[in-house]
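Undergrad: With these hints in hand, go ahead and build the complete structure from the sequences.
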Amino acid sequence: MTHLREGHDMTPREVFERAMRPEALAGEVSGDHLADDVVIEWPFAALGRPRRIEGKAAFLAMAGPARAAMPIRIDECAIDTVHETADPEVIVVEYRLGGVRTATGERGSTDLIAVLRVRDGKVVHWREYQDTLAIAQSMGA
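Our numbering puts the first residue of the sequence shown at 90, with every later residue one more than the last.
It is possible that some hints are incorrect.
Here are the in silico distance ranges between beta carbons for each label pair [said to hold, decoys possible]:
1. H97 x A158: 31 to 37 Å
2. A167 x R216: 29 to 35 Å
3. A115 x T174: 29 to 35 Å
4. R162 x D200: 16 to 22 Å
5. A146 x E195: 32 to 38 Å
6. T221 x T191: 17 to 23 Å
7. A192 x A135: 18 to 24 Å
8. L222 x A115: 24 to 30 Å
9. G153 x V189: 17 to 23 Å
10. H97 x P132: 26 to 32 Å
Calculated directly from the structure, the hints in this document are not laboratory data. Just so it is clear, CB atoms sit at the ideal spot from N, CA and C, and this is done for glycine as well.
TA: See below:
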């Protein structure tokens, strides 16, 4: 992981790495990496789950309770590849989240792809592609 700078001069990769550090994954959802007017999208969201959230406050209102209710404690983010784009604000990240099922201690992981637009050190748009079936199975659904 690269040395993480603070503030407006952070690169999109640094912002992503900051958001995915272990203490951020394990703790409360802070949203400190998100712009107030962020748009977060999950184009392939599972049935009954939101496909789009507008605004940091709306995301935190959904994500905090959702994380607290998860039967898995996420404790790892492995970045496979970061693809730079012609737009310096945008990166495409291939990564894997890992965690432990709290009831059984069983470890699992899932692969994801995110497209991020970062401006002034904050994410303004995050589009995440998830394997919703694998996630549901890992959570015992």
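Undergrad: Against this structure, judge whether each hint is valid.
TA: Here is what the structure says about each hint:
1. H97 x A158: 31 to 37 Å: 34 Å, holds
2. A167 x R216: 29 to 35 Å: The hinted range 29 to 35 Å is violated for A167 and R216, with Cβ atoms some 20 Å apart.
3. A115 x T174: 29 to 35 Å: Distance hint for A115, T174 holds at roughly 30 Å.
4. R162 x D200: 16 to 22 Å: This hint holds: roughly 19 Å between Cβ atoms.
5. A146 x E195: 32 to 38 Å: 35 Å, holds
6. T221 x T191: 17 to 23 Å: This hint holds: roughly 21 Å between Cβ atoms.
7. A192 x A135: 18 to 24 Å: 21 Å, holds
8. L222 x A115: 24 to 30 Å: Holds: the Cβ-Cβ distance is about 25 Å, inside 24 to 30 Å.
9. G153 x V189: 17 to 23 Å: 20 Å, holds
10. H97 x P132: 26 to 32 Å: 29 Å, holds
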